Amino acid sequence: MRKGACDGSVKCLIRSAAKEDLDSLLGLEQICYKEETFHRKQLKYLLLKARSMVLVAEISGNIVGSIIILLRERILNARIYSLNVHPEHRRKGIAGSLMDTALDILEEKGYDNVTLEVGINNRIAQNLYRSKDFIVDKELPRYYKNGDDALHLIKKLGREACSRGQFTRREHL
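Using this note's numbering, you'd call the opening residue of the sequence shown number 1 and step up by one each time.
Errors might be hidden in some of the hints.
[Stated by the list, open to error] DEER-style ranges, computed between Cβ atoms: (1) Leu76 x Tyr33: 14 to 20 Å; (2) Arg142 x Glu20: 36 to 42 Å; (3) Arg79 x Asn121: 18 to 24 Å; (4) His39 x Arg79: 18 to 24 Å; (5) Arg123 x Glu73: 30 to 36 Å; (6) Gln30 x Ala50: 15 to 21 Å; (7) Ser60 x Tyr144: 30 to 36 Å; (8) Ser16 x Thr115: 30 to 36 Å; (9) Arg79 x Thr37: 15 to 21 Å.
Since the hints were made in silico from the structure, they are not lab data.
Remember, it's a predicted structure, so these values are computed and weren't measured experimentally.
Built from N, CA and C at the ideal position, the CB exists for glycine as well.
Use the sequences and the hints to build the structure in full.
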């Protein structure tokens with residue numbers, strides 16, 4: 001559990017999600033994504049049974065953001081599966097705080113890298129990921145159900161980041 005000011009004015013609490021958060025997480029998912037949302041059963045599985053890490057951001061006891069990360073044990077690779085912030089609470093540093101907390105935890109656990117996919121036209125999210133040193137690995141044509149393209153991004157963590165230095169083949173966002 002980490003407390004902090006998300007943008008200097010908004011106090012938020014970043015914590016691990018609990019089973020009691022399922023309804024709030026489902027509601028947030030439905031507000032943030034109109035087309036490709038998790039169903040209750042999927043969220044419950046991710047929250048309770050999957051090899052995953054689910055963090056939430058709370059303001060005044062209300063969940064206003066979440067990040068879901070799938071964890072792979074053998075290859076120490078993590079995948080950010082979902083990052084949500086309620087529209088009324090965007091541009092307050094909440095997504096960055098969720099991301100920073102998740103990346104810190106992954107580094108502490110010894111993960112080598114983290115990947116994610118982002119819509120090719122989602123410049124706001126791309127700017128966030130660029131600020132966290134993610135780089136473009138490849139383009140994914142027609143990745144989403146609606147036919148939109150995506151970018152596959154990667155960030156090296158810990159000793160991998162230090163030993164490999166900058167990528168030469170891959171482009172920065």
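Comparing the hints with the structure gives:
The hinted window of 14 to 20 Å between Leu76 and Tyr33 is violated, with their beta carbons roughly 29 Å apart. For Arg142 and Glu20, the Cβ-Cβ distance of about 38 Å falls inside the hinted range of 36 to 42 Å, so the restraint holds. Checked against the hint of 18 to 24 Å, the C-beta distance between Arg79 and Asn121 comes to roughly 21 Å, which is consistent with it. Checked against the hint of 18 to 24 Å, the C-beta distance between His39 and Arg79 comes to roughly 19 Å, which is consistent with it.
At roughly 34 Å, the beta-carbon separation of Arg123 and Glu73 lies within the given 30 to 36 Å, and the hint holds. Restraint check, Gln30 to Ala50: a C-beta distance of roughly 20 Å satisfies the suggested window 15 to 21 Å. In this structure, Ser60 and Tyr144 meet the distance hint of 30 to 36 Å, their C-beta atoms being roughly 34 Å apart. Hint check: Ser16 to Thr115, Cβ distance near 21 Å, so the stated range 30 to 36 Å is violated.
Between Arg79 and Thr37 the Cβ separation comes to about 18 Å, which falls inside the hinted range of 15 to 21 Å.
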